Amino acid sequence: MLRNRVSKLAAAGAAGAMVMAVAACGGSDSNTSATPGASAPAASAVKVGLAYDVGGRGDGSFNDAAAAGLDKAVSELKVTSKELEATQGETDTQKEERLRLLAQGGYNPIVAVGFAYSGSLAKVAKEFPDTHFAIVDDDAATGANIDNLVFAEEQGSFLVGAAAALKSKKGDVGFVGGVDVPLIHKFQAGFEAGAKAVKPDIKIQTKYLSQPPDMSGFGDPAKGKTAAQGMYDAGADVVYQAAGGSGGGVFDAAKASNGLAIGVDSDQAALPAYSAVKDVILTSMVKKVDVAVFDFLQSDVAGKFTAGKHVYDLKAGGVDYSTTGGQLDDIKTQLDEFKQKIINGEITVPTS
Amino acid sequence: MGNATGPLVYCHNRCPPSGTPRSKEAAITTATANEPAVELAGITKRFPGVVANKDIDLKVAKGRIHAIVGENGAGKSTLMKILYGMQRPDEGVIKVDGSPVTFGTPGDAIAHGIGMVHQHFMLADNLTVLENIVLGSEPRKGGVALDFRAARKKIKEISDTYGLGIEPDMLVEELGVGDRQRVEILKVLYRGARILILDEPTAVLVPHEVDELFDNLRGLVREGLTILFISHKLDEVLQVADAITVIRRGTTVAAVDPKEVTARRLAELMVGSELPSPETRESTVTDVVALAVRDLRMGASGRSVVDGVGFDIRKGEVLGIAGVEGNGQAELVEAIMGMRPISSGSITLNGRDITHWSTLKRREAGIGYIPEDRHRHGLLLESPLWENRILGHQTRKPNVRGIWIDRAGARRDTQRIVENYDVRTPGIEVDAAALSGGNQQKLIVGREMSGDPVLLIASHPTRGVDVGAQAAIWDHLRTARAAGLAVLLISADLDELIGLSDSLKVILRGKIVADIDPTSVTPEQLGSAMTGAGEGA
Amino acid sequence: MSSFLDRMLGRVKLGGWLAVAAPLLAVVFAAVITSVILLATGKAPLEAFNALAQYGAQPRTMVTIINTGTEYYISALAVAIGFRMNLFNIGVDGQYRLAAVVAAGVGGAALVPGVLNIVLVIVVAVIVGALWAAIAGLLRVTRGVSEVISTIMLNSIATGIGSWLVKNYFGVLTGNELATKEIPADAHVPGMALIPGTQLQVSGFVVLAIVLGVAYYVLLNRTRFGFELRATGKSESAALSSGISPKKMILTTMIISGAMAGFIGMPELLGSSYKYGTNFPTGLGFTGIAIALLGRNTPVGMAIGALLWSFLDNSSDTLQLLDISKEIVAIMQGVIVLSVIIAYELVHRYRIVAEQRRVSRELAAPKGPQQVEGAPA
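Chains as they are written, first to last, in the working numbering: chain A, 2 to 353; chain B, 126 to 662; chain C, 74 to 450.
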């Protein structure tokens, strides 16, 4: 019986190998015939390369949002794709190698997810001038073949800040940032401005989980929990987290303290990973990396690649707040007023 | 190892007072007309090269205590392993109750009613006696559930039948050593053994426990069981055995009747020659003091482990320290070696105050050290012999040249030691662990005698070595003494102490309590002085 | 007899062909286990191994493997120095990171020009690594704190101090990247175009790594200090009665291990990134532990181990191209280390028995029946 099962397994493996071999052949064919940089003749010939930051597909946050954009492109634009994932503690050289591997394999365009790729992308993009690159969350790496997809996180954060202030009974809210870097400062600045717009004397507690170059604050739920717990204990009743993989800990702390928390990047109350704590997630500051990635892929496939900085703000639908769970139903009109004012330019949200 | 100092011909402090009857009733009751319970004929076991056994012939009568004696390494253990199915003989026949058998595993031996009580107990402390006994042969009820009730009943029965006095529900950790040994015996009986092998059973026991064990053993043979008793303690063997077989160099050399043999004769049979004697003949003591210890104290006041000890050792003198173990000898040695801090007092070597010197500096000044536990303190077991030569002499020629190890020099000098001290080894590249205990010790002695030491501290120098090595080590000590070496000798072997020492001091609870003249003291007198019973001699 | 721990940490040597047999056995075993896992997840093992082999054969990959392996190797050396005398320097990780931060700060300040700056950076790193390790050594000899505990804690503290230094003193913000000021170009250590067919260059630090490996061997096997270190590792009690001060040895060994750790970050700092920032490699100290175990603390064994580890680490992208999860690499690495330990244990037991038999045989053969020594003690 056991032998039977093993042989089936072996057969399955062999079949898999054949399929892969065929796929590999197909791949190498298109590889040689592909003319990078030229406008794609047919959508199906486009091979998209995607390089994730640490965590990859399934991180329940930022990388997942990028993956959603890619999935959409695969189904709607009929592109093929390859996804590679970073390893904890790797060097710039290893990131460069990853991008090179994709570029050499004929993947074009290539999307780098996260500012960690900034230095390596700038270098590799020069080596492959005919390949189109996009980098999410970074405008430091620039070049004629680099599209910088950045977001007005401060605008979305303003809205959830306002929501926090409106929902806070104690007039005390908190902000947990993953790592003390400028990107996360934008979240904090927007959140504070939004909260103060509702209640000028509101108390705001702030905590960053780690200081650069230590990036562990984006991947340490235990740290997130401790920090948030401290805030709830000190009187906060709503805590906003912009801490990537550490965010789960903030939700746990909220659950344990009967407080509320605000998610980030994805609509976290709707994610299966957080189904156990979804009732404490008031809302999420949705950063539509999926939209940005899809837009980039769509325009590139259509031959309309443009280099430079593309800001996804409220107006462009790049950031927003989520309403899953219905906890904001009573204040939705107030929030939408703020939203309109920001779009109109009546309110300018600070970025730091 | 206990006090396994070769053949202890005399009784020391642990022997029963003179006049204790050496009971032989058991032997007399079932002496005749009995087919052997176990018979071995022409048993030969070759490991590639190793002694093991050759042409072993052994007949063990039913219902007897049969002792097998031999030096450490004579092949007793291999023989027992063969009989217990742990090893297969290359040649020869094993018969149990008259019919030939072959054992592939201990399970086969157990099935034929042969059980083994190991020297080291194999009991789980946190389980009860019952649980320990049934472990591995759990009684089943309906094939699944453990039937402890039946097991308890059976254990009670066995215990009562043989007078072992075992309470099945006691926790093993609450039992004393003697009780644990009885549990081990019961465990074997529980599995149906009719023939028991006891491997050095007295090694872990104190004297009154030894007597109790012997009573138990006599009880067992009275009930028809057969016992194979392995030992090298001749006084005990003579006390309990009904028959004795001597093994030497892997083969059976004699079968003797304990009633007709003396301990000394038995020892000579084991060794195969006239026994060596530790006797030193004429005095070589000079007037020059090599080591002076004054008012040495160690440990917190009130609980001193060494309390005001003082003595001189002159060049050419062997000073023996007698004492029951644990009375401060080990601490005293470590203080002189500089391995352990002292509270007060002074130590002077060749007129120089070395009280505050490091161990290394003391060694460089000419102190050699044969440690009590050679495996822990004397050797790097997993290093080749030539690296062991360097140990303790790592700052001196011929082992080093500046900061560099002089490999050629160390190797050359190791070769010298191997030759001069008769260390039996195929070469100096083998690990120390591959040598027998006696050869390891000879290597240590050779090393510590290197570099012209002023003082040699010899702590149990012949403990656990075979008789041949013992004689050689005594010879080396005598030669060095004649050449003017001062020796501090600590030993539990009273013959060794009396025979080698020029003067003797008795240590008790950290204090020197008596000075004894070794020329006029008997081991018995010395033994009682050590316990504080009779002062002086 | 040596304990299992001794054997695991390679404080016990294995002779001859057995020393080669064990790791080979382990790698084969790891390949088998990996194949089973690949099959179980519906992937073809041959395909995967083929892809790995092809990847490994590319010139550019070889350069990457050597460069990463250089750092791994130095890390393994640092760990092995401790292992050889029973010290678990888990703190190599913190030691090299702190050393690299401070060295990067000093190097970025360009206090001296050119080659002098290179020397300065390396010296600073070695000193910082040694001092940081010395804390754990001092805690052990004065307060009896286990170096395992103290170095783990010191790792966290090193992270904190590193961040604090970068943020407050050395840091330059570029985009979202906070890093130390870049070390000026005249103090960059050049690479060597050793492998044809690629523009990537082999790090100049390969030379340093080889020198360190030789130094490690000479120090341990040819010097009095090395003898004392190994003796203490094999038997602290025997060392004590031989006049070796275990406390002195603990402190010295920790310091040397820390100094060696100081070198770990140098290939990256002076040969690749020229600054300490977000993407400076972390966790190399732990990689070093695995490689020291794998290479049995021998200089050559660890070199092979480092290259193997580096190859596996760098190949994860290739596997992902085949849609094989990159975690398979971690599984392979884990299985290799475990099977090396098990294989060595088996080989060790065999060797002990074989050696004792050999000794008895050689003793018995020429001298005939005149003397039989007992079974080995």
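Because the hints were derived from the structure by calculation, they are not lab data.
This one's a predicted model, so the numbers in the text were calculated from it and none came from an experiment.
Ideal Cβ positions, reconstructed from N, Cα and C, are used throughout, including at glycine.
Some hints here could point you the wrong way.
Label-pair restraints from in silico Cβ distances [claimed, not checked]:
1) Q89(A) with L119(C): 28 to 38 Å
2) P319(C) with V413(B): 34 to 44 Å
3) V185(C) with R501(B): 51 to 61 Å
Below, simulated DSSO-like cross-link-like pairs (lysine-lysine); rule was C-alpha separation at most 27 Å, straight line [as the list claims (entries may be wrong)]:
4) K486(B) with K320(C)
5) K399(C) with K124(A)
6) K522(B) with K399(C)
7) K279(B) with K187(B)
8) K240(C) with K522(B)
9) K127(A) with K254(C)
10) K321(C) with K124(A)
11) K224(A) with K240(C)
12) K320(C) with K124(A)
13) K240(C) with K208(A)
14) K321(C) with K486(B)
15) K168(A) with K127(A)
16) K240(C) with K226(A)
17) K79(A) with K399(C)
18) K171(A) with K333(A)
19) K399(C) with K73(A)
20) K310(A) with K254(C)
21) K310(A) with K333(A)
We went through each hint and held it up to the structure:
1. Q89(A) with L119(C): 28 to 38 Å: 29 Å, holds
2. P319(C) with V413(B): 34 to 44 Å: 35 Å, holds
3. V185(C) with R501(B): 51 to 61 Å: 53 Å, holds
4. K486(B) with K320(C): Measuring from Cα to Cα gives roughly 16 Å; hence the hint holds.
5. K399(C) with K124(A): Holds, at roughly 25 Å.
6. K522(B) with K399(C): Not satisfied, since the Cα-Cα distance of roughly 57 Å exceeds 27 Å.
7. K279(B) with K187(B): 24 Å, holds
8. K240(C) with K522(B): Violated, because 56 Å separates the two Cα atoms, which is more than 27 Å.
9. K127(A) with K254(C): Measuring from Cα to Cα gives roughly 23 Å; hence the hint holds.
10. K321(C) with K124(A): 49 Å, violated
11. K224(A) with K240(C): Between K224(A) and K240(C) the Cα gap is close to 20 Å, so the pair holds against 27 Å.
12. K320(C) with K124(A): 50 Å, violated
13. K240(C) with K208(A): Answer holds: K240(C) to K208(A) is near 16 Å, not above 27 Å.
14. K321(C) with K486(B): Holds. K321(C) to K486(B) sits at ~15 Å (cutoff 27 Å).
15. K168(A) with K127(A): At roughly 49 Å apart (the allowed maximum being 27 Å), K127(A) and K168(A) break the hint.
16. K240(C) with K226(A): 24 Å, holds
17. K79(A) with K399(C): Within the cut-off at roughly 26 Å; holds.
18. K171(A) with K333(A): 21 Å, holds
19. K399(C) with K73(A): Answer holds: K399(C) to K73(A) is near 24 Å, not above 27 Å.
20. K310(A) with K254(C): Holds: K310(A) and K254(C) sit about 26 Å apart, inside 27 Å.
21. K310(A) with K333(A): It is violated: about 31 Å lies between the C-alpha atoms, which goes past 27 Å.
When each numbered hint is compared with the structure, violations occur for hints 6, 8, 10, 12, 15 and 21.
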